[in-house]
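Quick mapping for you: the protein sequence lines, in order, are chains A and B. Counting from 1, one number per residue, gives the positions in the first sequence under my numbering. Counting from 190, one number per residue, gives the positions in the second sequence under my numbering.
Be aware that one or more of the hints could be misleading.
Estimated spans, in silico, between C-beta atoms of each pair [claimed, not checked]:
hint, chain 1, residue 1, chain 2, residue 2, range
1, B, 648, A, 30, 18 to 24 Å
2, A, 179, B, 484, 40 to 46 Å
3, A, 85, B, 619, 51 to 57 Å
4, B, 648, A, 179, 35 to 41 Å
5, B, 467, A, 124, 33 to 39 Å
6, B, 672, A, 124, 37 to 43 Å
Calculated from the model, a selection of chain B residues having no Cβ within reach of chain A, i.e. all distances over 10 Å [said to hold, decoys possible]:
hint, residue
7, 237
8, 328
9, 453
10, 493
11, 567
12, 620
13, 625
14, 643
15, 659
16, 728
17, 732
18, 740
19, 761
If you're looking for bench data, these hints aren't it; they were derived computationally from the structure. Idealized CB from N, CA, C, for every residue including glycine.
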Amino acid sequence: MHIANFDMLDLSKNFFELFALPVSYTIDNSALRERYRELQRSVHPDRYANASQQEQRLAMQGSTFINEAFETLSDPLGRAQYMLRLHGVDIDSDNETTKDTAFLMEQLELREALSEIRHQADPLGAIADFLDTVTGKLNRMISDMATDFETPSPDRLDAIRERVRKMQFLRKLHQEAESLEAELEEELL
Amino acid sequence: MALLQIAEPGQAAAPHEHKLAAGIDLGTTNSLVASVRSGTPETLPDEKGEHILPSVVAYTESGVLVGSEALANAHGDALNTISSVKRLMGRGVEDLQLLGDELPYDFAQTDSRVPRIRTRAGDVSPVEVSAEILKLLGKRAESALGGELTGVVVTVPAYFDDAQRQATKDAATLAGLRVFRLLNEPTAAAIAYGLDKGADGIHAIYDLGGGTFDISILRLNRGVFEVMSTGGDSALGGDDFDRAIAEWVMQQAGIERPDSTVQTALMRAARRAKETLTTQQVTEIELADPAWKGTLDLDTFNGLIDGLVRKTISACRRALRDAGITADEVEDVVMVGGSTRVPRVRERVAEFFGREPLVDIDPDRVVAIGAAIQADILAGNKPDEEMLLLDVNPLSLGIETMGGLVEKIIPRNTTIPVARAQEFTTFKDGQTAMAIHVVQGERELVDDCRSLARFELRGIPPMVAGAARIRVTYRIDADGLLEVEAEEQTQGVRASIEVKPSYGLSDNEIADMLRSSVEHAHDDMEARKLREQQVEGERVIEALVAALDADGEELLKPEERSRIDAELASFRNLVAGTDANAIEQGIKTLEKACDFYVERRMNSNIRRAMAGHSVNEFEQEAE
Chain A
1 MHIANFDMLD LSKNFFELFA LPVSYTIDNS ALRERYRELQ RSVHPDRYAN
51 ASQQEQRLAM QGSTFINEAF ETLSDPLGRA QYMLRLHGVD IDSDNETTKD
101 TAFLMEQLEL REALSEIRHQ ADPLGAIADF LDTVTGKLNR MISDMATDFE
151 TPSPDRLDAI RERVRKMQFL RKLHQEAESL EAELEEELL
Chain B
190 MALLQIAEPG QAAAPHEHKL AAGIDLGTTN SLVASVRSGT PETLPDEKGE
240 HILPSVVAYT ESGVLVGSEA LANAHGDALN TISSVKRLMG RGVEDLQLLG
290 DELPYDFAQT DSRVPRIRTR AGDVSPVEVS AEILKLLGKR AESALGGELT
340 GVVVTVPAYF DDAQRQATKD AATLAGLRVF RLLNEPTAAA IAYGLDKGAD
390 GIHAIYDLGG GTFDISILRL NRGVFEVMST GGDSALGGDD FDRAIAEWVM
440 QQAGIERPDS TVQTALMRAA RRAKETLTTQ QVTEIELADP AWKGTLDLDT
490 FNGLIDGLVR KTISACRRAL RDAGITADEV EDVVMVGGST RVPRVRERVA
540 EFFGREPLVD IDPDRVVAIG AAIQADILAG NKPDEEMLLL DVNPLSLGIE
590 TMGGLVEKII PRNTTIPVAR AQEFTTFKDG QTAMAIHVVQ GERELVDDCR
640 SLARFELRGI PPMVAGAARI RVTYRIDADG LLEVEAEEQT QGVRASIEVK
690 PSYGLSDNEI ADMLRSSVEH AHDDMEARKL REQQVEGERV IEALVAALDA
740 DGEELLKPEE RSRIDAELAS FRNLVAGTDA NAIEQGIKTL EKACDFYVER
790 RMNSNIRRAM AGHSVNEFEQ EAE
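With the rest of the complex left out, here is chain B (with noise of 0.2 Å):
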């Protein structure tokens, strides 16, 4: 008989067995990978030494090309060189027009909802794009660890809503990655500060990236980080103040209509501008083609992007309100992301909160090291590990009712997982279908919200109107992914149905991809499978024998134990053996088989944390 081991919820890896697992920080200019390597998160380096990875891929004569070898390729070929693609990341075509007509890129038209980039090498996706980024990252951590990476976890803003995450996450699988989680950036930077100081209390997290803008207010305690609220702007960053550099530029230059060469060219003169303007008072800017001259100082340059900052500032304040507390109850503010280092950034944050900004971790990097570190922990290498992370939904959710208004079901910074219902009626006698729209974001009418997704629930028995009685639940997982269902309740009839909001790539289109991809051939694709569901199955058992050797003894009668042994045992056949269908069958027998089982393990450990605690004075009447 095995010795009783007390286990920590949820640890089902063998003690010794280190697994491997690597923070991507995926931004719209630079990307990084980190992980934790003998305790030590840290960022791993190319063979060059180089870090920082430009999030920058160009579909060359020769192949695909990712980051500096790609941003070297954009001079004269700057159509098949895409760059700053986290912006498209679930974005419908309709969405392009709201970011101008910034993206110097030719948009194939399409029948697809999801705007494709038409390149040398045929029309990609930004979830395409996106993916080779992560593919070479993925590589990268692989190379670097020695070994086949357990997961990922991926950052994405805190501000993204549930189409740009469900992008990111499709594109790491694209990859061929297994993403642990989705977790927001500014929660990623607090891990990274947090841990290292243990700083009980209120910290604010700035993150002002090359293309993105969120700001959260966190709750530290005791290693449980909740986050109270967040906020910001999914289109903000510095490569907006780079842009406000080249329309400057253009207006001294007298540049009326830049080809896309001399956009780069100006984008590129910027940049430089603005990063000697970090340390420097003035700089020089310098163009060759059209051939021009000058000196931009600080306080124009501050000039230049003080309405840019003061929208920061403004997403403090309602992050602040929405957090319900104020300015002078914040510890810490953290600074992350590149643009954080222009001075006139730093100096509005100090003045707003009241404090001097910390500065300590490079802000390019902390995201990516809270990723590690978080990651580190999902695999379960620290099974003693206290920390927690409790995030929030940052955008609200809610549903069409008649005449264009918005009913919110779940309001924006609520905790998550989370799921919520409504009841909703028929309009009319007779009634049988009823359309469900469900749509994001903080306004009144629809036409002003993100709209996500739409399905209608049929079957609905006929009644005069308003009999019907149809709940709508609302279900955010982990990940902040929602999941919707409608069901038809009054004469036990159940329709439901449930939807993954899409961001507009149909089911064809993603297996269309996979299946274009080079490396993916139909053998491989059968090889592939077969692999995925046998190390599925791996865990699936290690993770019951883990299980078992912990609290089988406490929590299973004799008779349910062999039960339970014997499906074990025909499961390890199926997994040792070639067919790919059978292991996945197997896996949802031994599943039921073990229900039971795993219902208890959840309530002993429910129990297990409540222990300690009486109710003094229970109320009779109150049951």
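This is chain A alone, in the form it adopts within the complex (with noise of 0.2 Å):
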């Protein structure tokens, strides 16, 4: 998913450099949208529209930089993978799966769940419900994420890794559950 040939542009080394924000899993939300605005602002091609081609194919790529950075830090999961990559650590996003039973069960059951919500007497009370159930789950890792990362022993990267593959699993069916929340509002409101 990474763009990296950016050589080019002598843009900082990391995305947290050229936010100007140190390299931590606690992100400071508000300084990073206000630094992804002034930098937009100096880079972006409406800055250019009448510049050479040149420099508007330099903007292009700047700003799309930008856009990816700024997205990278902005999600708490894009950002865990992001720091796992600064230690040195490639996920494979695609192809690696949690080998955690119990948790494999428990995304069973929450997917049976989901599947019958439409059934229920108040079906969208009860994906409302549901939906709260998984963003609690996320919310809960996102905090242990920022916990291990204070102190990146090799050990705690490895339970990032895994906590990662968890998230990807939360992460879908959390979608899951909002696209049955969509088609339920629309055929029921």
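Assembling the complex is the task here: the two chains are given apart, and the hints tell you how they should meet.
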């Protein structure tokens, strides 16, 4: 997912540096957003609408890079994966998966619950509760992530990697629940 | 030695020169052009004082008519009078069925994927029809402003897909206009309102035009507009309200199979009824042939359109969800498009968002006004302007994978410009080619999505299945246009192809269209090319000189500076000459020579933007 060939612009070595933020999992979201805007203000292609094609091209690349950096850092899962990479752990998110049986069993149960929501008495209430449950689980993982990144020993990095795999499951589940909610709202409201 | 000036990044224009620029709202039913004159954005009228140009083009015995003259021609010559052509922009022949038999035109049978409408002036494509409208508006702006336009901003519905955007841009090019930027209509409306009021916060723009519906959720923060989400329906609008009334009349009057003349009369009566019902409780409808008279009251009308209005509210709900907010976080709801004059629409929108929508700026003009403001900024007339738009792609872009499934590469509502890559591998041993199918849409099956482009990557070195690594990269530029590239990686063999997704117009067809356009005979084409290259060359010189004045001393060593000066001097000679190809080549040479300098400038801009921020606690191991 990462577009690496950005050597031509001598931008900062990593996304955190780009936004002048400390490398830390706990991030100051308002500072990030504020600096993102400042950067786009100086690099966005609209600032170069009248400039040479060369500058326009470069502005496009710069702006694309800043968007990617911003999106990565503002997403808790993306940020975890990115920080793992900074620590030399390259996670192959498409092909590795958790082997934690208890977790996988729980996922099966959650999916089963999701598929039955449509038949409940108050499907909209049920889907809202379901989304809260999944969000709660995700938030707990995010806060554990922050603790582990504070002292990133090899063991902790392994734990983070495992948590990233699990978060991907929950993220997917959350998306499916959201699209079910959208469907239900369209049918019922 | 020149004094060191501090210039705003990207501002290449000489300080005093005001560049002429215009914003064009190319609507389904009506179009407008606006410009910023002495600091005030305003729509520009024709010589009769009319601001609104009906988006109608008529191919008559005596030539092409555009606007109300064309509309007058609709009577009795419906087949040669094209209206609502925006609905056909970027559509393929196979999409026509989707639009139903609502369009009373004769479509030519051709091998082309683009629908062509049969007229007495020959078969015309939707791009050509739109170009007629744009050409007229461009001329109107040039005569009102008294000079040649540097460039224009043309608005499109946020929900327009890639093919529809590309078609719009092509239409502008065909009309001889330089497009600074395609701008989403709701964003244009927000600019018109936002700058007037300087209101930071989250805004919803509800835009119901003649043929399209858009909802956009925007966050405005100190001049930066961020589009949080957008949604809508590119085939739903006020025309559908008219049609609902027309169908009701047909039912009441017992009309079964109206011919195109009766259809036109019906639609006209329906539109009038709709307009009357924006201020009255009841309206009379009268038809001449077949003779019929009846009354339609507001309640009945509301009943006819409730289903359509409900569809728009569902889209609002989706947009809020995508933005991750609830209705009460929205500060303002801005109403855009003539159809928002319908009282039922206002009621439902007010009910859903829990506040009265803003209607202060004429909903018909607000988009053109916003586009004019943006065009003025992009032309470089407002170097101190802080405004910036961060837009998103409206629909997910994906690739076909095994079994006819779609793998999303760039999900909808991602901020643009953006680039995303995904790796794929081969399916069979010794496979040397891979078919790449680019699709757009939210559904999981390829068949349910819109096909944008197909191409093949060849020359993959033969390996066992699953060993090759093919990286497919999707890039969307700031206009929302897509480019796809595929590249084999494992053995360092690089085969890459770039595609511009087509809506079916081949390069030859575009060339034909250009050739057939009467205004550009062969000699004209040559002269035109030279003029274009000269203008481009002058632009390059101007940009470089402004840059050198601003930071040449700071960023360049003396020997680098004299090298660039020498290149610049020889390029000036080329531009003064008459060889278009030499100028074109010269631009490339000069740009190459300045590569390093442009990069330094960009970096220095970034450094300046981040000056004052320091990294407090930088972790060593993270490097």
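Right, here's what the structure says about each hint:
1. Checked against the given bound of 18 to 24 Å, the beta carbons of residue 648/B and residue 30/A, roughly 49 Å apart, lie outside it.
2. Checked against the given bound of 40 to 46 Å, the beta carbons of residue 179/A and residue 484/B, roughly 45 Å apart, stay inside it.
3. Between residue 85/A and residue 619/B the beta carbon distance is about 34 Å. The supplied range of 51 to 57 Å is therefore violated.
4. About 39 Å separates the C-beta atoms of residue 648/B and residue 179/A, a value consistent with the hinted range of 35 to 41 Å.
5. Distance hint check: the CB atoms of residue 467/B and residue 124/A are about 35 Å apart, consistent with the given range 33 to 39 Å.
6. Between residue 672/B and residue 124/A the CB atoms are about 41 Å apart, so this pair conforms to the stated range of 37 to 43 Å.
7. No beta-carbon of chain A is positioned within 10 Å of the beta-carbon of residue 237/B; the least distance is around 33 Å.
8. Listed as a non-interface residue, residue 328/B keeps its Cβ farther than 10 Å from every Cβ of chain A; the least gap is roughly 23 Å.
9. No beta-carbon of chain A is positioned within 10 Å of the beta-carbon of residue 453/B; the least distance is around 35 Å.
10. Every CB of chain A lies more than 10 Å from the CB of residue 493/B, the least distance being 21 Å, so the non-interface label holds.
11. Its closest Cβ contact with chain A, about 4 Å, brings residue 567/B to no more than 10 Å, contrary to its assignment away from the interface.
12. The Cβ of residue 620/B sits about 20 Å from the closest Cβ of chain A, beyond the 10 Å cut-off, so the non-interface label holds.
13. The claim that residue 625/B is not at the interface with chain A holds, since no C-beta of that chain comes within 10 Å of its own (minimum 18 Å).
14. With a minimum CB-CB distance of about 24 Å to chain A, residue 643/B clears the 10 Å threshold, and the non-interface call stands.
15. At roughly 14 Å from the closest C-beta of chain A, the C-beta of residue 659/B stays outside 10 Å, upholding its exclusion from the interface.
16. Not every Cβ of chain A is farther than 10 Å from the Cβ of residue 728/B; the closest lies at roughly 7 Å, contradicting the non-interface assignment.
17. With 10 Å as the threshold on Cβ separation, the claim that residue 732/B sits away from chain A is violated: the shortest Cβ distance comes to roughly 5 Å.
18. Residue-level check passed: residue 740/B sits 13 Å from the nearest beta carbon of chain A, beyond 10 Å.
19. Its beta-carbon lying about 15 Å from the closest one in chain A, residue 761/B satisfies the requirement of being farther than 10 Å from that chain.
In summary, the numbered hints that this structure violates are 1, 3, 11, 16, 17.
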